[in-house]
Amino acid sequence: MAVKVLIPTPLRPFAGKRDTIELKARTVGEALGSLTAEFTELRKHLYTDDGRIRSFVNVYLNDEDIRFLEKENTPLKDGDTISIVPSIAGGR
Amino acid sequence: MLSLNENLAREIRAHGAETYPHECCGALLGADAESGRQVRALFRLINRRVDSPRNRFSVTTEDVREAERSAQDAGLEVVGWYHSHPDHPAIPSEFDRENAWPWYSYIIVSVMKGRAQNIASCRLADDRMRFEPERITAGAAAELSR
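Chain order of the listed sequences is S and V. For the first sequence, the positions run 695 to 786 when this note's numbering is used. For the second sequence, the positions run 5 to 150 when this note's numbering is used.
Next comes chain S alone, as it looks inside the complex (with noise of 0.2 Å):
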């Protein structure tokens, strides 16, 4: 399925400076290893070092946040959206 990938602004540098990347994938999860698999350096801060998602990644397929559809195996049609949208959280 080709589907469109939004980055957000911290992770642009990281993916070719590019806003958007264009993609083939069957599953969320499809699409975020294709990601990482074509920009390298994006997976670290998408991905914990045993391969799950961080905590504070948010993965939204059009305006759904897959937590609460199939996570990463949430399939995918021609023409989905998926973003990634920063939690920010803190504390001394």
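Each hint should be verified, as a subset may be incorrect.
As the list claims (entries may be wrong) - Label-pair restraints from in silico Cβ distances: (1) Lys711/S - Arg69/V: 20 to 26 Å; (2) Asp131/V - Arg712/S: 18 to 24 Å; (3) Arg14/V - Asp759/S: 34 to 40 Å; (4) Asp772/S - Glu98/V: 40 to 46 Å.
Claimed, not checked - Short derived list, chain S residues pointing at chain V, Cβ under 7 Å: (5) Pro704; (6) Phe750; (7) Ile782; (8) Gly784; (9) Gly785; (10) Arg786.
As the list claims (entries may be wrong) - Among the chain V residues that face chain S by a calculated CB cut under 10 Å, a handful are: (11) Ala31; (12) Glu72; (13) Ile112.
Hints in this document: simulated from the structure, not taken from any laboratory. Please read these numbers as outputs of a predicted model, since none were measured by experiment. Even for Gly, the Cβ is constructed at its ideal location relative to N, Cα and C.
Using the hints, position chain V against chain S.
Coordinates of chain V only, in the frame set by chain S:
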């Protein structure tokens, strides 16, 4: 280098004092120029961490989107975030680092016994292993950057 004028620095310090002993937080709206990054406005946010607001802060995805919309409306972008460290130095914690994004500037204001102290800024290194200090310039704010 991060340009932050005295009024904005004062506003961050005031926000930190207002929410003491809880952490405050907000977005830095600005732009990157040849001379460095400039903060031109702040966007106050509510600390959503109700379980431990004295030593943690978080904002919702909708808060992030609202800050981004506000920046876009002003012809700016979100170039970073600020928060306070109540009764703690303006030094990023391990928790700050673990949750940080690259590229953004992270401003921290120390608030001791309700009084705002110094302000510091840093950015996450590309390898995520550490924060790198970011010098703050502009009037009194420069003196506050340590």
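Results of checking the hints against the structure:
no. : hint                            : result
1   : Lys711/S - Arg69/V: 20 to 26 Å  : 22 Å, holds
2   : Asp131/V - Arg712/S: 18 to 24 Å : 21 Å, holds
3   : Arg14/V - Asp759/S: 34 to 40 Å  : 37 Å, holds
4   : Asp772/S - Glu98/V: 40 to 46 Å  : 43 Å, holds
5   : Pro704                          : 4 Å, holds
6   : Phe750                          : 5 Å, holds
7   : Ile782                          : 5 Å, holds
8   : Gly784                          : 4 Å, holds
9   : Gly785                          : 4 Å, holds
10  : Arg786                          : 4 Å, holds
11  : Ala31                           : 8 Å, holds
12  : Glu72                           : 8 Å, holds
13  : Ile112                          : 8 Å, holds
Against the hints set out earlier in the document, no violation occurs for any number.
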